[in-house]
Amino acid sequence: MRALLVLFSLLLPLSMAHAADKLQVVTSFSILDDITHQIGGDHIQISNMVGPDADAHTYEPTPDDAKALLKAKLIIKNGLGFEPWLDRLITSTETKATVVTASKGVISHTMDEDGETIPDPHAWHNLANAEIYVNNITKALIAADPANQADYQRNSQAYLKEIYRLLAEAKTKFGALPAGNRRIVTSHDAFGYLGQAYGIQFLAPQGLSTEREPSAAEVAALITQIRKDKVKAVFMENIKDSRLLKQIADESGAQIGGTLYSDALAAKGPASTFTGLFEYNLNTLCAALSTP
Amino acid sequence: MHFAAHLWMPFLDFVFMRRALIGGLVLACSTAPLGVFLILRRMSLIGDAVAHGILPGAALGFWFAGLSLPALTIGGLGAGLSMAGLSAWITRRTGLREDASLAAIYPISLAAGVLILGIAGKRLDLLHLLFGSALAVDETTLTGMLWVSSFSLLAMALIYKPLLLDTLDPLFLQTVSRLGPLAHGLFLTLVVLNLVIGFQAIGALMVVGLMMLPAIASRFWSRRLPVLIAISAVLGCLSVWLGLLLSFYYSLPSGPAIVLVAGGGYLLSVVFGPVHGLLRRPPLLTSQ
Amino acid sequence: MITCTALRWGAPGQPLTPPIDFTLEKGSLTGVIGPNGCGKSSLLKVIAGLQKPLAGKVVVDVSRRGGLAFLPQQQQLDRQFPINLQELVAAGFWGARLSAAQRSERLQAVLEDWCLSGLELRPLMALSGGQLQRALLARMSLADSPVLLLDEPHAALDEEGQALCWNHIHAWHAEGRTVVVVCHDLASVRHHTQQVLQIKSNGCVFGSSKELIRAQPQMQVA
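Going down the list, the sequences are from chains A, B and C. Note that this note's numbering numbers the first sequence so that position 51 is 51, with each residue one more than the last. Note that this note's numbering numbers the second sequence so that position 190 is 1190, with each residue one more than the last. Note that this note's numbering numbers the third sequence so that position 90 is 2090, with each residue one more than the last.
It is possible that some hints are incorrect.
[Unchecked claim] Computed cross-link-like contacts, DMTMM-like style, restricted to lysine to aspartate or glutamate with a CA-CA straight-line distance of at most 25 Å:
#, chain 1, residue 1, chain 2, residue 2
1, A, K73, A, D34
2, A, K246, B, E1098
3, A, K230, B, E1098
4, A, K173, A, D145
5, B, K1161, C, E2159
6, A, K173, A, D151
7, A, K96, A, E116
8, A, K73, A, D151
9, A, K246, B, D1138
10, A, K73, A, D145
11, A, K232, B, D1013
12, A, K171, A, D34
13, A, K232, B, D1169
14, A, K230, B, D1048
15, B, K1161, C, D2078
16, B, K1161, C, E2105
17, A, K96, A, D34
18, A, K228, B, D1169
19, A, K71, A, D145
20, C, K2210, C, D2144
21, A, K67, A, E116
22, A, K228, B, E1098
23, A, K246, B, D1169
24, B, K1161, C, D2185
25, A, K73, A, E60
26, C, K2200, C, D2185
27, C, K2052, B, D1138
28, A, K232, B, E1139
29, A, K161, A, D87
30, B, K1161, C, E2087
31, C, K2052, B, E1098
These aren't lab readings, by the way, just hints derived from the structure by calculation.
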């Protein structure tokens, strides 16, 4: 018994030292969590705020989040107005951590939301932007923890390779779709960047954020458009209640094409990593759009 | 198009509008008597209390059955009923006023709910999931609402007399009947039931607004209880119909639009209502 | 008949009097007097079964529901409640098996008895204190109970109203009902009742009104 205690007391400082060696990072939501993890590996300890299957648009931070912000050396957020609650929390906790905007350098497009022009934050859906995300995050990790620079760069290159592979796959698959009919309905305007990259039109009753309740006019307009344009498929999202979408599908005669993952990773399954998410969405969309 | 046609065309053209209308009308009718009695019993803020206080039930439902809407609803109902029941019991036993009793219990309930969610490991916005929207009323939900509404109206008809006396003169009722606490309990059950089903079907803001605003407005039009209930129902139905039309033609979110119309009705009543309205001369109180 | 044995009542832990015993015979008319706050209203509530005693027991030989009619003090009512006089009085019909025509007839008669004819449709909030008090008394008339407990029925009534009230009390007494009346006006109590229960903080005395009230002429009506 005593031997165990001695052993334990020897190991304890070691493990703590090891933990203390890890770079403390906070990421704002699950997609950033995954990307950062792929690059940082064992050298970093990530505390993620908005978990899988959760909606970052309506997230309310907790005291645990505040504590994590204070402990962290690096905070990685998406930016483009995706996490206004995070900016407020950073200000109120007066954390000394470095804040990194993963989407820095992305050419964003704007959306018209209730007459206001605001940037569309869902930049990660265009995989080309993912490259910018990866580079920004890698640079930030290296700046915060230069000792492990080599590892970070190695991981980053490997990850980018995977991303290029996916980009090529997307080009082929989306390219093969018939040009005339590339219209999809989802619950909110999350896929603008994907649509832009591959010429797919995404229609939605809710605008950029899931916070707003849609009006009858918007729903009616969507149903009319679906009928008129003969939109093929309606897709649910993993973060939102699907009843409204089912209503729209029922009434307009569109099919339910499955679930797309928009603002969060899945807790488990193929879409539980970022690359997995992209590939899953890609295949689901193509399956629906290529049927006549 | 003829102006009058604008008033009903959207409902002919779109199934979702029809369902929203029927669901709303049905709910307006069943919540009308509830709202009137809530005001008479000084419990006007119960809607808010229940909206937050059902969280522990929903959390437990989620813990056991995951994100299943029936589980969340049943859990929510259980929590709401327990909360209302406990506060009513405390009121009856200790004489603490009903609104104070409820105001004490619902934050406890809400906090318990947040704690349970924390233990269950998920930081989900369960309440957002529980609250639906009028535009998403599907076949099953509408059927559910029809059942709840019919049951509610029937039950209210049965307990009308004892409930009236229990509200007006509970001591008298106690001397002639045992039905007082039973009527009180059933009434609270109906309130929670309508609220929870209403939340799920058409959203929190709308149900509470539909329950209370027409009832409060009706007091400016009559001094007789059955008339108050009838006026309340009519105002509620009008609010649903006009609110949906506003949402359709002016692109406003449906819940707030309906509540705004109800609110407008209330303001008009305050100004023009014959009973204590601002523009009427004060009624002459006769003495012997 | 109402029998109280070793009875103590009041707020929990704060009994108002030492234990008391008394019996009110069937068909008797008893006045209840005492200074303000001594527990007259509470005693009536205990007898009516609306409040639990702190000690001892009360035995009433009629069924608690319907057998006992209790007239509360006026302020317990919500004056803003949306009903009219007719509906308020008609609540006294609770449980009675009468046809609509019979109810209407009895209601009219009772309203006339209490000088309330013509006021049927007046809303509660528009009634004066005196009218409301007579309405509550009319409701009690309708109830037809063998035991009547009245808590300050003369409050808010003018001289005419008070006389009317005592007339009815005597009429009820003559019909063989047991009547208990709380009243502040000692002269009236002495005049109208035979026996009186006098409640004091150090105990209660039960006896003839003429003796007890003359015995302490300086007791103030609060």
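Structure-based check of all given hints:
The straight-line distance between the Cα atoms of K73(A) and D34(A) is roughly 18 Å, inside the 25 Å bound, and the hint therefore holds. For the suggested pair K246(A) and E1098(B), the alpha carbons sit about 41 Å apart, so the restraint of at most 25 Å is broken. Between K230(A) and E1098(B) the alpha-carbon distance is near 56 Å, which puts this suggested pair outside the 25 Å criterion. The straight-line distance between the Cα atoms of K173(A) and D145(A) is roughly 39 Å, outside the 25 Å bound, and the hint therefore fails.
Pair hint K1161(B) plus E2159(C) does not hold up; C-alpha atoms about 35 Å apart against a cutoff of 25 Å. For a cut-off of 25 Å, the pair hint linking K173(A) to D151(A) is broken: about 33 Å separates their Cα positions. A hinted pair counts as satisfied when its Cα atoms are at most 25 Å apart, and K96(A) with E116(A) does not qualify at roughly 33 Å. Only pairs whose Cα atoms come within 25 Å are accepted, and K73(A) paired with D151(A) is accepted, the gap being roughly 19 Å.
Straight-line distance between C-alpha atoms of K246(A) and D1138(B) comes to about 8 Å, which keeps the hinted pair within the 25 Å bound. For the suggested pair K73(A) and D145(A), the alpha carbons sit about 10 Å apart, so the restraint of at most 25 Å is met. As the CA atoms of K232(A) and D1013(B) are separated by approximately 21 Å, the hinted pair is consistent with the 25 Å bound. Taken as a hint, the K171(A) and D34(A) pair is honoured in the structure, with Cα atoms around 24 Å apart against an allowance of 25 Å.
Between K232(A) and D1169(B), the direct Cα distance comes to roughly 64 Å. Violation of the 25 Å bound is thereby established for this hinted pair. Proximity of K230(A) to D1048(B) is assessed by CA-CA distance (about 43 Å); at most 25 Å being required, the pair is judged violated. A threshold of 25 Å between alpha carbons decides the hint, and for K1161(B) with D2078(C) the separation of about 16 Å falls inside it, so the pair holds. For the hint pairing K1161(B) with E2105(C), the CA-to-CA distance comes to about 21 Å; that is within 25 Å, so the pair holds.
For the hint linking K96(A) to D34(A), the alpha-carbon distance of about 24 Å falls within 25 Å, and the restraint holds. Pair hint K228(A) plus D1169(B) does not hold up; C-alpha atoms about 63 Å apart against a cutoff of 25 Å. For the suggested pair K71(A) and D145(A), the alpha carbons sit about 16 Å apart, so the restraint of at most 25 Å is met. Among the hinted pairs, K2210(C) with D2144(C) is inconsistent with the structure: their alpha-carbon atoms are about 30 Å apart, more than 25 Å.
Annotation: proposed proximity of K67(A) to E116(A) is violated, straight-line Cα distance about 35 Å (limit 25 Å). Taken as a hint, the K228(A) and E1098(B) pair is broken in the structure, with Cα atoms around 55 Å apart against an allowance of 25 Å. Pair hint K246(A) plus D1169(B) does not hold up; C-alpha atoms about 50 Å apart against a cutoff of 25 Å. Between K1161(B) and D2185(C) the alpha-carbon distance is near 37 Å, which puts this suggested pair outside the 25 Å criterion.
Of the pairs offered as hints, the one joining K73(A) and E60(A) holds, with about 22 Å between alpha carbons and a cut-off of 25 Å not exceeded. A C-alpha spacing of about 16 Å is found between K2200(C) and D2185(C), which places the hinted pair at or below 25 Å, so the restraint holds. A threshold of 25 Å between alpha carbons decides the hint, and for K2052(C) with D1138(B) the separation of about 53 Å lies outside it, so the pair is violated. The hinted pair formed by K232(A) and E1139(B) meets the criterion: a straight-line CA distance of about 23 Å does not exceed 25 Å.
Taking the CA atoms of K161(A) and D87(A), the gap is about 33 Å. The hint is violated against a cut of 25 Å. A C-alpha spacing of about 11 Å is found between K1161(B) and E2087(C), which places the hinted pair at or below 25 Å, so the restraint holds. Restraint check: the Cα-Cα separation between K2052(C) and E1098(B) comes to about 21 Å, which is no more than 25 Å; the hinted pair holds.
Hint check: violations occur at hints 2, 3, 4, 5, 6, 7, 13, 14, 18, 20, 21, 22, 23, 24, 27, 29; the rest are consistent with the structure.
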